[in-house]
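Construct the entire structure; sequences and hints are all you get.
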Amino acid sequence: MTGLEHLAIIGAGLGAGLLTSTVGVASLLSFPVLIALGIPPVVANVSNTLGLIPGGLGGSLGYRRELREQPRVSRLVVATCAIGAVGGAVLLLALPAGVFEAIVPWLILFTCLLVGAQPWISRWLRSRSTEEHQPRTVMSPATLVFAALTGVYGGYFGAGAGVMMMAVLSLGLDLDLRVVNALKTLALLAGNLVAGLIFVLVADINYTVAGLLAIGSIIGGYTGSHLGRLLPPALLRTLIVLAGLTAAVTML
1 MTGLEHLAII
11 GAGLGAGLLT
21 STVGVASLLS
31 FPVLIALGIP
41 PVVANVSNTL
51 GLIPGGLGGS
61 LGYRRELREQ
71 PRVSRLVVAT
81 CAIGAVGGAV
91 LLLALPAGVF
101 EAIVPWLILF
111 TCLLVGAQPW
121 ISRWLRSRST
131 EEHQPRTVMS
141 PATLVFAALT
151 GVYGGYFGAG
161 AGVMMMAVLS
171 LGLDLDLRVV
181 NALKTLALLA
191 GNLVAGLIFV
201 LVADINYTVA
211 GLLAIGSIIG
221 GYTGSHLGRL
231 LPPALLRTLI
241 VLAGLTAAVT
251 ML
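Residues 1 to 252 in my numbering are what the sequence shown spells out, letter by letter.
Think of the hints as simulated: they come from the structure by calculation, not from any bench.
Treat the hints with care, since some could be wrong.
[Unchecked claim] Simulated DEER-style distance windows between Cβ atoms:
id: 1; residue 1: 72; residue 2: 113; range: 27 to 33 Å
id: 2; residue 1: 69; residue 2: 141; range: 21 to 27 Å
id: 3; residue 1: 207; residue 2: 65; range: 29 to 35 Å
id: 4; residue 1: 201; residue 2: 95; range: 16 to 22 Å
id: 5; residue 1: 5; residue 2: 233; range: 36 to 42 Å
id: 6; residue 1: 38; residue 2: 124; range: 47 to 53 Å
id: 7; residue 1: 120; residue 2: 201; range: 44 to 50 Å
Please read these numbers as outputs of a predicted model, since none were measured by experiment.
All C-beta atoms, glycine included, are put in the ideal place defined by N, C-alpha and C.
Below you can see the structure in the form of structure tokens.
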């Protein structure tokens, strides 16, 4: 690869890190760049997963104040997404390429709808309840299951996984959106870390690409966490939905 191609990958990592900590569609930026540079899809996918781990780490460090507010939920998010990512990584290596092509864009569109409509859905559910509503700060079994399934998807491919996790956590918990965003960033880190470890052992990785992505993504992830904290909740929710729609339309 040329020097300009190296710079392009670092730039893709920087942008992907920013997206990891804000709207959660990092692979929508970095993966197409790797494909455009002529890297085979599966090699690009596993190298991308490995290279974005520092982005999630930088974002999680930047969000450490929010994560300290919900230590129990943070631990559960890490555990469920890590377990799910193991299954996703195995599926990626075992199944033919493109198995989920037909369903994934529609799944992302559906989760965009849930993220956008979450405030109205939550108010409607509270209005239907006859009991005094108590804020939900503990993950229910259903929330744990859907978080694990999102981890499976994240380990398999990952484009739009952040949007899906935002939908799961927003509907399952009554937390500020900035805290949900922090938990989403931690979830992506856990999933990428576990899948990346599996890929290091058994997959064909372009370590030059992964290293260049890592350089950009750790800076972008940390910077994005501060940006995500400053964005008003309504604007952040709108940006997440728009990013998810873009990912779904691009994949379609």
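Using the Cβ atoms, figure out if residue 207 sits within 29 to 35 Å of residue 65. Roughly 34 Å apart at Cβ, these two residues keep to the hinted range, so it holds.
In this structure, is the beta-carbon distance linking residue 5 and residue 233 contained in 36 to 42 Å? 39 Å, holds
Is it true that the C-beta distance of residue 120 to residue 201 lies inside 44 to 50 Å, as the hint says? Distance hint for residue 120, residue 201 holds at roughly 45 Å.
The hint says 16 to 22 Å between residue 201 and residue 95; measuring C-beta to C-beta, is that right? 18 Å, holds
Between residue 38 and residue 124, is the Cβ distance one that fits in 47 to 53 Å? Between residue 38 and residue 124, where Cβ atoms are some 50 Å apart, the hint holds.
So the hint says 21 to 27 Å: do the beta-carbon atoms of residue 69 and residue 141 match that? For residue 69 and residue 141 the Cβ distance comes to about 23 Å; the hint holds.
Taking 27 to 33 Å as the hint, is the beta-carbon distance of residue 72 and residue 113 inside that range? 29 Å, holds
Comparing the model with each earlier hint shows no violations; every hint is respected.
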